[in-house]
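Take a look at the letters that make up each chain.
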Amino acid sequence: MMLSQTDVLTRIDKLTQTRLEVCISHAWIAPHHSETGPMFDALDLARLQLIVDLTEDMAVNDDAVPIILSLVDQLHALRGRLHALDHAVTDQDDAVAEAIATRLADLIGHD
Amino acid sequence: MNTKPMDPYEALGVKRTATDAEIKKAYRALAKKLHPDINPGDTAGEERFKAVSAAHTFLSDPEKRRRFDAGEIDASGAEMPPRDYYRNHAGTGQENRYQSEAEFDDLGDIFSRAFGSRGGGAGGGGAHGMKMRGADVQYHLEVSFLDAINGAKRRVTMPDGRSLEITIPAGIEDGKTLRLSGRGQPGFNGGPAGDALILIAVLPDLLFERDGTDILLDLPISIDEAVLGGSVAVPTTAGRVNLRVPPGSSSGRIMRLRGKGVAAKGRPAGDQLVRLKIVLPDIIDDDLKTAIEGWHKDHPHDARSGWKGQT
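Top line first, the protein sequences correspond to chains A and B. Positions 1 to 111 (this note's numbering) are the ones given, in order, by the first sequence. Positions 1 to 311 (this note's numbering) are the ones given, in order, by the second sequence.
Calculated pairs, EDC-like style, for lysine to aspartate or glutamate (alpha carbon to alpha carbon, straight line, at most 20 Å):
#1 B/K32 x A/D62
#2 A/K14 x B/D61
#3 B/K64 x A/D13
#4 B/K32 x A/D73
#5 B/K32 x A/E56
#6 B/K33 x A/D57
#7 B/K33 x B/D84
#8 B/K33 x A/D73
#9 A/K14 x A/D57
#10 B/K32 x A/D63
Keep in mind that the hints were calculated from the coordinates and are not lab data.
Produce the complete structure using the sequences and hints provided.
Okay, here's the thing in structure tokens:
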């Protein structure tokens, strides 16, 4: 699914043309470029919606937006890697997985 | 879905006499706490956030608030349109293009070994992080069906004004991405430039369809060609060729033009599959009618004998 700038403005109520341009020029959003202007996929749309929620509903100012986005992205990347680690541990023999889980609980519990 | 709509005042934790400013303030405080993208692992919180957002939308509408206060409507008037949260994309475990900057070198041996050196060999930043690779640039390029099959060269202007020549390889499929190494944003402090990522969207064609390496085409033939056979000029993605229609061809018969399909590099060329479609004249004149009636009288033919739909 690829949306044009007009599609995005219709989809997100509180987003104006000016604000969309701010999001792009600050590189908070990196849409695909095309011969007819920027094109947005579902990931861009959801990210724009998050930015609108932050700035409109939660009154976050523009200086804080990139910090929040960066933290959110780092958090997701970290969660993705934790999921991968979980898979890797689960794939081990039961005894190994069990030992890791016990040790982890120790480390987290006593820290 | 909630069966019973929640009292919007209760959802926001405000009095019924709350001013607009107090409602907004209460909503902001809750939104900051409950927003799904700030709580990626909390699925229960999403329901609360939805309820809070709905309540806020509801009470922000003076008319709805008045009618609710007057007991004219219940809180179900404020159904939020379904929306898609960023975490649904960012939290899938797949890396997306906004996450490419995250570094995990300081997380200990196992994590460094598994996740440390990433970036498709273009990292090069080293432990000091002084040299930085330039960002990738995404480009969405629509190409015609025939250009996608036969290959083409396209010159496009990137947002920074640079002109880029893109070679579209023959046989490229819809949704494929071409990576032009080093054609993205310049690097910092001597770091390498990023890549240009060209996402290809293949436009549909009026005549042809694609199925893997085969090309499909519907070919209208006349009733006499179907009965008597004949030679018909057929378009292919590389120009016209003559196809011999055998005598006695039914609608739906598929003729194979070997090697006239998609010829992508490194793969054997596919075929063009031509599906015959008998088309009767717009007006059935007396000659045709008489001829068929005469034939029918002496030649009982049941087109549906042996057909599975025949009981």
